[in-house]
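Chemist: Fit chain B to the known structure of chain A by using the hints.
So the sequence lines, in the order shown, correspond to chains A and B.
Note that the numbering used here has the first sequence beginning at 314, numbered continuously upward.
Note that the numbering used here has the second sequence beginning at 128, numbered continuously upward.
These are computed hints drawn from the structure, not numbers from a lab.
One or more of the hints may lead you astray.
[What the hints assert, rightly or not] Partial list, computed: chain A residues near chain B (C-beta under 10 angstroms):
#, residue
1, 446
2, 447
3, 468
4, 573
5, 590
6, 592
7, 598
8, 602
[Stated by the list, open to error] Label-pair distances were calculated between CB atoms; the ranges are:
#, chain 1, residue 1, chain 2, residue 2, range
9, A, 346, B, 254, 20 to 30 angstroms
10, A, 509, B, 368, 32 to 42 angstroms
11, B, 402, A, 578, 12 to 22 angstroms
12, B, 201, A, 578, 55 to 65 angstroms
13, A, 503, B, 368, 51 to 61 angstroms
14, A, 394, B, 425, 52 to 62 angstroms
15, B, 138, A, 363, 40 to 50 angstroms
16, A, 478, B, 138, 46 to 56 angstroms
17, A, 511, B, 368, 30 to 40 angstroms
18, A, 374, B, 201, 55 to 65 angstroms
[Said to hold, decoys possible] Reference listing, derived: stretches of chain A covered by chain B, where coverage requires no fewer than 3 residues with Cβ under 8 angstroms from a Cβ of chain B:
#, region
19, 407-415
20, 426-439
21, 449-458
In this text the structure is predicted, and so the values were computed from the model without any measurement.
Heads up, the beta-carbon is just placed ideally off N, CA and C, and yes, glycines get one too.
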Amino acid sequence: MAISEPGAEVAEPFAVELKRAGLGATGLRGGIGHFVRRHPLGAAGTIIMGVFVLGALLADLITIYDPLQTDSALSLAPPNAAHWMGADFMGRDIYSRIVYGARISLAVGIGSTLLGCIFGAAIGLSSGYLGGWVDLIAQRVIDILQALPLLVLALVMAAALGPSLRNTIIAIAIPLIPSVARVIRSNTLALRELPFVEAARAIGMSEFRIAVRHVLPNTLAPVIVLATAQLGAAILTEASLSFLGLGIPEPYPSWGRMLSESAAEYVRTAPWLVIFPGAAISLTVFGTNLLGDALRDILDPRQRS
Amino acid sequence: MASYLTRRLMLMAVTLFGISVIIFFLLRVVPGNIVDILFDSAGMVNPAEKVKIERELGLDKSIPVQYLAWIGGIAQGDLGYSYVSEKPAIDEIAPRIPVTAKLAAMALIFSIALGIPLGVISAVKQNSGADYALRVLSLAGLSMPAFWLGLLILMVFVARFGTIPIYTEPAKNLWDELLLYSVPAIAVGFRSSALIMRLTRSSMLEVLRQDYIRTARAKGASAQAVNYDHALRNALLPVVTIVGIEAAFLIGGLIVTETVFNIPGVARFLVEAIRTRDYPIVQNLVMFIAIVVVAVNFLVDLTYAALDPRIKYAE
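Chain B with its partners taken away, still in its complex shape:
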């Protein structure tokens, strides 16, 4: 187990290092840096001024030197400065993280609360009308872009209440906050719930074919006991792994949903920073996302091993 952990942690470090290199160089092959854009839009033509600003931002140095400066800074807790606001990148990014984290958590809770029961119903009543309806519904959920679902929800709100529930200011109390996040959380989580439902269904069907389920039935256990005590507990194991896939999946939904609902989280901030060519923000945010995805997947693998004694990480 210890050697497995060391090996795994080293591979994670290699992956994150690779991402940092790729992102950094990718952002710098873009023709035209922030200084060019500033000068184009301001119509300023003084080349000496331009050179001075480029030096201040460290853009006059070679790209590998800039990369080392960035990584060296991260090691010391210095993420550099935003080109746009000129504030430290950490001060721009950190306050936005809890907003996105809350939204993601609510979306995840919603998707589990909806996906697992529907998946179980669909499996227990396999090939019934309800099963077909749920399967088609889940496929439809996977087919809708999250931003369109968000817009449709806004449309319903306009028709019913005449207002749009978009984020205007931080909520005053916990209840308001829950209300504020619940609508976008549904828009993000619906797609994930479809995924969870499909996985729960196929996992449940797999388990229901096992011998020990037959044994339980033969002993005269009620359908209720067989389905929930014997089957569901085992069927949920693979569903745990989906949380790892979800981490990557949810982030895509968060990016577009935060844009639709005007939520000031990190996901929308990434899009803004990409638009304004604010490299220090973009590279740090992408690294942050990569760390989250890699860490979640690692934790999921460990949880899976802890829950299923048949799985041993040797080597």
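Bound-form chain A, shown alone:
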């Protein structure tokens, strides 16, 4: 290209171009190789997420100490050979608590994201497909849920439901509903006018079946992109709730709660109590964000940057 334009790709020989576009990337190995070349940051995100998921699953195998075992002799022990990340005020091993904390963080993150997506999909699909008063009511409910910041709504929900793992998942899932519902609704509005819906209707398919079997699957790509972004938001919200003492109750080792235990004091005396749990939260969310960006590029070409 003669006109130099920031953002324009330099023309390449066709063969290289086609290879970059994924031609010849066949099979699982080829597919993975192509993903890593095209989306190195996405691949890094996948690896980070993979490490945390494996750590959560294999927590029993990769830790020596019980995350709940207290030992007054170890109170505020700095990192050492036996306890690489040190010990907290009650002498509990920080490394074990972080590994087991991954279970809580991921369980709450994935649980609330799934729950939020299911309810959001149900509301968005019925509101977009049925229209009329269903749409009107759904829109108002979404307006209401959106007028409150995620953390505020989650805080009030968590306080109303009481502290427990299940309630924390519900408290975080509800504020996630509106964005999923909006995306599915707007996609459904466009999809229901398309010929394949008319065709399904012409062969006598029930409206419910058309909505669920034909319209819903076509809205999945943007929802997957959104859900990845929301997974990060859900993990951060759980950490904030637990940090404020309104999330996961003791004795579960939650990363946010590990920071809440008078963290501002430990900044001075025991910085390892502050650094490691916060790094675990940030790294996990960073992984979901990297993966989310790559998925958006792949699945939602309109938003490609």
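Modeler: Chain B only, in chain A's frame:
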């Protein structure tokens, strides 16, 4: 335009009404009200006493009646009394608002001052090393919980100065006040600046692909003129909308940051009130936050229409 405004204002009223109902009833499904908690902790068992206090607080009435009493009170400027301090809720809430407002304003200024220039650099030098570094940095900013960033900043202060810059007493002069708020404002604003940077970058890239940019280049305008005079001014339009998203976004950061830095603002007060089951404070604060978010979004939409003549609110 007039009909658009009426419609919009009515929808806002419906939203706020819905929030008031939801919050009020949500707070009352909690098993155990303030009286139960007081009696449990004090170990008092005189049931007559308990009934008397419940009557004084109006907790003996049915929930819909309590709701009407609250809304009726708001209409007359009476927000009820705090259960904890027994002072009027308005006297508890109002003095804390300027503290949070200052912090929020400084955080917003910081995030714009950092986010927009970095977003522009990232877009103009797309796919360069600087672009990649900035993109990774902004994602990292979005991944850090605001309270952890706050704690890390405290840690740096301890290491360098041996003190913790947490709020102890109201500042004596403007300069002290700026210093006092600037540290927590960075903790809150960093996350927002990452968001603004990402939006500025994608908006700028979008604009740089437009025909009129090509025309400007063809006419021989310098890169400087094209990037800043032609592209940036248009690219900033969508960035305005982010202020609306930010309003909701910042409040979450304010809640945890005020807790970390011990700042006596409304955001930390909400958490305290939730912990102590101080319903009159919680419900009024949540309504206040909802009004702020709804109003900011409304103003952003109007500003957007004013700035971009292509947008007309008809209907």
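Chemist: Please flag the earlier hints that this structure goes against, numbers listed from lowest up.
Modeler: 1, 2, 12, 13, 16, 19 and 20
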